[in-house]
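Modelling step: build the complete structure from the supplied sequences, incorporating the hints.
Each chain is listed here by its residues.
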Amino acid sequence: GENVEQHPSTLSVQEGDSAVIKCTYSDSASNYFPWYKQELGKRPQLIIDIRSNVGEKKDQRIAVTLNKTAKHFSLHITETQPEDSAVYFCAAAQTSYDKVIFGPGTSLSVIP
Amino acid sequence: SAVISQKPSRDICQRGTSLTIQCQVDSQVTMMFWYRQQPGQSLTLIATANQGSEATYESGFVIDKFPISRPNLTFSTLTVSNLSPEDSSIYLCSVEEGGKYYGYTFGSGTRLTVV
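Those sequence lines, one after another, are chains F and U. In terms of this note's numbering, the first sequence is numbered consecutively and its last residue is 1462. In terms of this note's numbering, the second sequence is numbered consecutively and its last residue is 196.
There may be inaccurate statements among the hints.
Said to hold, decoys possible - Derived DSSO-like pairs (lysine-lysine); straight-line CA-CA distance at most 27 Å:
hint, chain 1, residue 1, chain 2, residue 2
1, F, Lys1372, F, Lys1392
2, F, Lys1372, F, Lys1387
3, U, Lys88, F, Lys1392
4, F, Lys1372, F, Lys1408
5, U, Lys88, F, Lys1387
6, F, Lys1407, F, Lys1387
Said to hold, decoys possible - Far from chain U, some chain F residues (derived; all Cβ distances over 10 Å):
hint, residue
7, Asn1381
8, Gly1405
9, Glu1406
10, Pro1432
11, Ser1435
Unchecked claim - Computed beta-carbon distance windows for the label pairs:
hint, chain 1, residue 1, chain 2, residue 2, range
12, U, Ser99, F, Asn1403, 38 to 46 Å
13, F, Lys1418, U, Ser134, 30 to 38 Å
14, U, Gln95, F, Arg1401, 41 to 49 Å
15, F, Ser1378, U, Asn153, 30 to 38 Å
16, U, Asp145, F, Gln1395, 31 to 39 Å
17, F, Gln1395, U, Glu167, 24 to 32 Å
18, U, Val196, F, Ser1457, 37 to 45 Å
19, F, Lys1407, U, Gly97, 44 to 52 Å
20, U, Gly97, F, Glu1406, 51 to 59 Å
21, F, Glu1433, U, Gln119, 23 to 31 Å
22, F, Asn1353, U, Pro166, 22 to 30 Å
23, U, Glu135, F, His1422, 31 to 39 Å
It is worth saying that the hints were derived from the structure and are not from the lab. Cβ coordinates follow ideal geometry from the N, Cα and C atoms, glycine included.
Here you go:
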């Protein structure tokens, strides 16, 4: 089955700096890669996703890149703000209709 | 995106008893999923709940311990049976909204403590 790894497990950045979280996956059949943000005590919320026919996708301060050959995908957050502090999970699925397998998570702290 | 009502939000249960968690969606959805999230950990998929057929369980999860019902396209229940302290966790339901941008939406979760 699919296995998703994620690095780093914790990340601390100064406000205004960029943050990068990297993930790898094992199943070459995976084609859908969502990213979730989970604030303390709250449910995970989808922040961006990317499909295998796209190499990069951007939404304001958030961007995701995908390298299918290397089975790597990454989340980039620019101009970080204290409200970006949360746990971020990468995930993978064969399609956007299939079960989603989550990575272990990255705890991001943005220091004002 | 779909609105999910998950109940109860939290419960404290005695060892050996069972807890049934309900997930109600405000629209018809094809796929519903049940996840477990232990404190400080990631989300682990328990099973996929299919309407009209038996649930599909992930490795390490069995129907006798986690029976699931899916009577229609807007509702599902997860029962955690024969509770032990190791079952203390947050349980979340999730729905897939037919490939729209919204992706997968999660319920607010049920925090279970077994004493």
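Here's how the hints hold up against the structure:
{"no.": "1", "hint": "F:Lys1372 to F:Lys1392", "in the structure": "23 Å, holds"}
{"no.": "2", "hint": "F:Lys1372 to F:Lys1387", "in the structure": "15 Å, holds"}
{"no.": "3", "hint": "U:Lys88 to F:Lys1392", "in the structure": "15 Å, holds"}
{"no.": "4", "hint": "F:Lys1372 to F:Lys1408", "in the structure": "16 Å, holds"}
{"no.": "5", "hint": "U:Lys88 to F:Lys1387", "in the structure": "22 Å, holds"}
{"no.": "6", "hint": "F:Lys1407 to F:Lys1387", "in the structure": "17 Å, holds"}
{"no.": "7", "hint": "Asn1381", "in the structure": "12 Å, holds"}
{"no.": "8", "hint": "Gly1405", "in the structure": "19 Å, holds"}
{"no.": "9", "hint": "Glu1406", "in the structure": "17 Å, holds"}
{"no.": "10", "hint": "Pro1432", "in the structure": "21 Å, holds"}
{"no.": "11", "hint": "Ser1435", "in the structure": "16 Å, holds"}
{"no.": "12", "hint": "U:Ser99 to F:Asn1403: 38 to 46 Å", "in the structure": "45 Å, holds"}
{"no.": "13", "hint": "F:Lys1418 to U:Ser134: 30 to 38 Å", "in the structure": "32 Å, holds"}
{"no.": "14", "hint": "U:Gln95 to F:Arg1401: 41 to 49 Å", "in the structure": "46 Å, holds"}
{"no.": "15", "hint": "F:Ser1378 to U:Asn153: 30 to 38 Å", "in the structure": "36 Å, holds"}
{"no.": "16", "hint": "U:Asp145 to F:Gln1395: 31 to 39 Å", "in the structure": "33 Å, holds"}
{"no.": "17", "hint": "F:Gln1395 to U:Glu167: 24 to 32 Å", "in the structure": "28 Å, holds"}
{"no.": "18", "hint": "U:Val196 to F:Ser1457: 37 to 45 Å", "in the structure": "29 Å, violated"}
{"no.": "19", "hint": "F:Lys1407 to U:Gly97: 44 to 52 Å", "in the structure": "49 Å, holds"}
{"no.": "20", "hint": "U:Gly97 to F:Glu1406: 51 to 59 Å", "in the structure": "52 Å, holds"}
{"no.": "21", "hint": "F:Glu1433 to U:Gln119: 23 to 31 Å", "in the structure": "26 Å, holds"}
{"no.": "22", "hint": "F:Asn1353 to U:Pro166: 22 to 30 Å", "in the structure": "28 Å, holds"}
{"no.": "23", "hint": "U:Glu135 to F:His1422: 31 to 39 Å", "in the structure": "36 Å, holds"}
Checked against the numbered hints above, the structure violates only hint 18.
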